[in-house]
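Asks: Residue-level listing of the chains:
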Amino acid sequence: MPVIEVADLVKEFSRPTRQEGRFAGLRTLLTREQTVKRAVDGVNFTVRQGEMVGYLGPNGAGKSTTIKMLTGILVPTSGTVTVAGATPWRDRSRNARRIGVVFGQRSQLWWDLPLRDSLWLISRLYDVPEARFRERQRQFSEVLDLGPFLDTPVRQLSLGQRMRGDLAAAMLYDPDILYLDEPTVGLDVIAKERIRTFVGELNRASGTTVVLTTHDLDDVEELCDRIILIDHGRVAYDGAVDELKTRYAPHRELVVQTDRLESVEGAEVVRREDGKVWLRFDPVRTPPAELVAAVLARHRVTDLSIVEPELESVIHRIYADRG
Amino acid sequence: MNAPTASATMTAPTSAKRPAGTLLRACLACARMEFRAALTYRTAYLSSFAMMLLQIWLLTVVWKALYDGRAEVDGLSLTTMTAYATLTTLQYQLVSPWRSSPIDQRVREGKVAVDLLRPVGFPAQMLSGQLGWASAAVPVLLVALPFALLIGAGRAPASAAAGFAYPVALIGALLVNQLLGLLLGMVSFWTLEVSGALMAYRFVAQFFSGALVPLWFMPGPVRAAAEWLPFQATAYTPAAVYLGRVEGLGIIAALGVQLAWICALGALAAFVWSRARRRVMSQGG
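First to last, the sequence lines map onto chains A and B.
Taking my numbering, the leading residue of the first sequence gets 34, the next gets one more, and so forth.
Taking my numbering, the leading residue of the second sequence gets 16, the next gets one more, and so forth.
Hints listed in this document are in silico derivations from the structure and should not be mistaken for laboratory results.
Hints may contain errors.
[To be verified] Covered stretches of chain B, as calculated for chain A (at least 3 residues, CB under 8 angstroms):
1. 35–42
2. 51–63
3. 131–139
Glycine included, every Cβ here is placed at the ideal spot set by N, Cα and C.
Work out the full structure: start from the sequences and follow the hints.
Replies: Here's what the structure looks like:
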């Protein structure tokens, strides 16, 4: 059963048209002309309960705008969104209890107060019973290791600590759906890994549905089975991560450490460096085993490996193609 | 944790309304947080306190000089006048157009996005937070009051009735001020930038509230304008009640005017919010 249903979603922003020439600033202020920009242009998708979906796209593609409509912050120009049976922007209060939201760029914690106070206030806002609140706080202190900084004012926390605090805040009232908008932006490798482990565990243990936007495709590779790629406000791809790779990057590369290799049938030499040769091949036409056998038969090889395409380069290619 | 029950809870047609008790608890929690946040800036807090004591002392000196040895001007004694100045200065810590709304800043910084995610309505969050923030001034007032009496700048309430009516009038003043701030803050959903307008508003509001010059010293037309504007309810009304400038039925009438403003501004704020929520544009990322 789909828990999120999005149909023909459109969001337009209008702003006064920038005037040029003399007194441009003043005339911009007074003009009645409006420039309309379609940030989201007819998006459709559904998310099943318990799914972990990566919602990806280049900067300005309309990712965050979509998330803001899904969470009920923005009202769309047209189209419908149903989250767990409710329209988010019409039924804000009901929707609010079912979703947890983490914005990497913007904290929901109270800047001047200790993390502990923020969590307490959130428990009151979402009327979490006192006993449940204490239990959750204990759980999170353990899993996210909040203990050392529970009493530190949020403004003094490191980015990694703040993100862990934000995650705890978002999950404190047991929402069914978690939206993560660039949750690992600016974090170091260890902090990123910690966040991913937490989210993955949450999904496995509680069946929490996760919608993730990010520019770090390692997040997606590690967490999501499915991605929705949007570009210029439209869905460019919706499906499994593996399928995306086969469709947009059908080639594999065989890296061979060898003395001398001019060419091999069924593969193309794409790079040579430090006695290594990169051979690109299509695994459907040239089975990897055959290629390896062919190379080994004719050359003295000290090392060899097959390189899978990375999601990063796949997506990079898609963006480049669409220009 | 909640996997097996998740689908059941999601399809259940739960009501959007929450019991009033939990809403009150949530609002009180907001107020308490802002109260504590206000106290975290200790230097600012203590210096505002010192500034206030200085201002009370200066005002008594100035009014004494203005009275120039006369006991009364326009039938008004020097003690009443200095008590008025002290009272409005003290009240100003609690009820001031300068601390009327955090909304414009939250809109500019995109923090409204987070506020709108809460299950408690945005105006309720803002108002209760503001009341909590304002009440951080109460400890200051409790210390300043004896000081004012000590330097002869204060006076006991004019009558028992005035003593009882004063706190009511003060709460009324607080609400009128906060509703005005809420209304003005919500304008930033349309304009994004209200700091210029806010500055102008604050000067006008401060003047017409009677916090600088009491209404009884204002010339006819200005006084008439002040009486028809909501600002006098934020400073002049409680001070006039305390000092016995309005008595008996006059107190009831003054409180009635405050109540009328609270209802009118509350209704207007609800209407403006119903429009503003569709206009939310969240800044950044």
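Asks: For every hint, state whether the structure bears it out.
Replies: For each hint, the structure was consulted:
1. 35–42: With 3 residues closer than 8 angstroms to chain A, the region 35–42 of chain B meets the three-residue bar; holds.
2. 51–63: Three-residue rule met by the region 51–63 of chain B, so holds; n is 4.
3. 131–139: holds (count 6)
Hint check: no violations occur; every hint is consistent with the structure.
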